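*Asks:* Spelled out, the chains give:
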Amino acid sequence: MITTKLLKLFTSVLLLIFSFSGVLYGSSALEIMTKVDARYTGDSAISDWRMILIDKKDRKRIREIEIFSKEYNDVDKSISFFKSPGDVKGTSYMSFNWESTSKEDDSWLYLPALQKVNRIASADRSGSFMGSDFTYSDIDGFELEDFNYKLVKDSDVVDGKDCWVIESTPKNKKVIAKTGYLRSIQWVRKDIYFVVKNRILVKKGKKVKLFAAKDIQKIDGVWTAKTLQMITTKNKKLVHKSIFQLKSVKYNSNVEDSIFETEVMQRGL
Amino acid sequence: MDFNYVLKIFIKFFFVTFVIFCASISYSQDDDFNLESDDFDLLEDSSFDQLELELEKNDNLILADENDVSDLKKSDEVLLSKSLDGLSGAIIQNFVYGLQNPPDIFNRNNKGIERVETILNLDFKGELAPQFNFKIGGNFRYDWGKWKNNKFQTNEDSTKFNIKDFYLDYYPSSQIWLRIGNQIIARGQLDNLSITDTINPRDLSIPGQGELSEIRQQVPAILLNFPISDLKVELVVTSRAGGNLMGEKGGSFDPTIPFSQNLVNTGGNPFTINYLNPSNEIEFFTNINYSFNGGDISLVFSDENQNQRSLKNIKSKSLLSQLDFGFDRIQILGISGNLARGDFLLKYEGANISGASFLKANLVDLPGLKKNQNVLGLGFDYSGINNLTIGYEGNLRIIDNYSNDLTIAKQTLGHSVQFRWTGLNDLLSINANLSRLTGEKSIIGSLATSYKPRDGLTINARYVQYDAVEITDTLYPYQKQDVIILSTEYSF
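Residue numbers (this note's numbering), protein chains in the order written: chain A, 1 to 269; chain B, 1001 to 1492.
What the hints contain is simulated information worked out from the structure, not anything from laboratory work.
Keep in mind it's a predicted model, so treat the numbers as computed, not measured.
Note that the Cβ used here is the ideal one computed from N, Cα and C, for glycine as well.
Keep in mind that a hint or two might mislead.
Listed next, the stretches of chain A that the computed footprint assigns to chain B, with coverage defined by at least 3 CB atoms under 8 Å from CB atoms of chain B [said to hold, decoys possible]: (1) 85-98; (2) 108-120; (3) 131-138; (4) 258-269.
Derived lysine-lysine pairs resembling PhoX-like cross-links, with alpha carbons at most 20 Å apart [claimed, not checked]: (5) K83/A - K1452/B; (6) K237/A - K206/A; (7) K1370/B - K1360/B; (8) K60/A - K1452/B; (9) K1452/B - K56/A; (10) K206/A - K236/A; (11) K1125/B - K1249/B; (12) K206/A - K226/A; (13) K57/A - K1452/B; (14) K1125/B - K83/A; (15) K234/A - K206/A; (16) K56/A - K207/A.
Build the full structure now, drawing on both the sequences and the hints.
*Replies:* Listed below in structure tokens is the structure:
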């Protein structure tokens, strides 16, 4: 599910958008985003990612991550293991994202230097995920009902594909505090209900983040973006950018329930 | 009097924390808000289109590079994954400079280089067979010199080798985990206080100067972890775990200095320190953990040798006295847990400890008195401010059946406050820490910064200050040991 998560996250990044309270150009923004949210992303997944962090001087840092994820009726679970470079190798992160809004998400971080698993306060999900431009919120996904959606353009072309353009705004301060997002505009591919592009206005530092999903392919019956980019800008200038490259993914594979335990974080794979 | 003052501070601090906690929850429930902002038009600015196009070109180049690299190295990667994938390590270069002039009883009695050391850490992790994994790790440490005859002598260099992690993992099923060997078993919730986190002795030879990751010391142990319904049970047996590491004789934190300063009457004789072995080398620990949405709770039972040795006996032999330090056999019944709410992570630990002995006011009246004690630790991490985490830990120790002839007060308090800030996409971090030792006015303060100029390379700087008020404070003899530490670490 982290694949599912990353994908969902990215799907969720996707999710930020629209509403024009009603029907416009055929489909309402909420209907579109509901379909984006409901898009099949696999019941479980095992994936390998390469995370490339690039600063404004074009200096690169590369991390390799393996992610296991699984969807349950009431919760989405994911656990990710950092495999390189040496200074983050062995680090693992696990999160449970509960369907019920009355439950706060659970997350834990294992740092090999301390050899200890620590629970993380989860309300503020707007912090950087392992130094990247993606936030924990991006990784864990958003709740559809946390935003108002508005269709702002019925047709726009991205990478040769026709898209809806949808704006999303958080419904309350709690959502802003949690996600760090003030507003976003998303491009949703009409043929597969996939968010391929997103512009996000961020609360912290009044920055604008630019998201793009590329190299979209159908793998094991699931539409999957093999490249995900998040670029942070301030005053329309590059601050930092992150690229997630999907190296491999296996959907609906046998992800055992027992992998989502803090002991697994300690002992590793 | 002093206790009441500290207790008031303690209570006020928690009151303020509680108010912030409630306010934070209240704020997060507020649904009335106005999202009007001039910045909203930013997203529709067409100049972003151009920016996106330019960045996309650049990213395509980067991704092409990465693919090339991975293709070229594909065959090598296969080999590496079989052989060296489990190898990791770090080369650390430390330079420590003493800022003050300590008394002549220390080797370093002037400001100057305290130590220069190079450390090579190596770890190898691999699979012996299905369900059997292993890890072996250790470090080589080269000291470039030491203080002798009132100056830092580079011809006094030395090399040490230490085995660190060295264990075998066995998983008879996906839910049962057995680990045998030299290992760290870090439990409990509080970082700076070890109320229920007592399996591993600690390195106290240079308090405040080491990273938290370097403080716990590996012990030979068998760990068995298995579930019973929703509970996770952990049984640990250790053998010859030893005690907390103390400073070297003549070093900056030489533990014999207080005795040298006539805090113990040895009849005026010079003395030697003798560490006694415990009567029982085997220690037992049980941890029963339950995790629920928003928190964890653990019950802890142990029968162990207290990691901090205590003075057991003073033997006078003509012109030489011998101070015998040994272990108290203690039993701990404790609880630890956490609660995540909003931006707060509340942490707590509590324990009833029996079997520990305490020195009497007349220090040569040995052995000390054995008393039960109750220890409560509370703490929180608050992460509601941009990139900043504020942490607090406090502990209160109360001795049962207190008698007035003890050196220690009936109730003692300790505090620790920490500020951690990270920025520049985790490239830069700044960490400030203030710790007031339990039952004392001694304070260790530190300010540290860390920067990563490239993957694997970290540059660190740290300033550490020691303050003590009362002559009976543990840190009193060491208050002229403030240092600046510069270090680089290359991980691979």
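*Asks:* Taking the hints in turn, state whether each one holds.
*Replies:* Hint check:
1. 85-98: holds (count 7)
2. 108-120: holds (count 7)
3. 131-138: This one holds; 3 residues, not fewer than the three required, reach chain B with a Cβ under 8 Å.
4. 258-269: holds (count 7)
5. K83/A - K1452/B: This hinted pair holds, its Cα atoms lying about 18 Å apart.
6. K237/A - K206/A: holds, 12 Å
7. K1370/B - K1360/B: Roughly 10 Å separates the two Cα atoms, so the pair holds.
8. K60/A - K1452/B: holds, 12 Å
9. K1452/B - K56/A: holds, 15 Å
10. K206/A - K236/A: Given that 20 Å is the threshold and the Cα spacing comes to 11 Å, the pair holds.
11. K1125/B - K1249/B: violated, 36 Å
12. K206/A - K226/A: Cα-Cα ~29 Å, so violated.
13. K57/A - K1452/B: holds, 14 Å
14. K1125/B - K83/A: Between K1125/B and K83/A the Cα gap is close to 12 Å, so the pair holds against 20 Å.
15. K234/A - K206/A: holds, 7 Å
16. K56/A - K207/A: holds, 15 Å
In summary, the structure is inconsistent with hints 11, 12 from the numbered list given earlier, while agreeing with the others.
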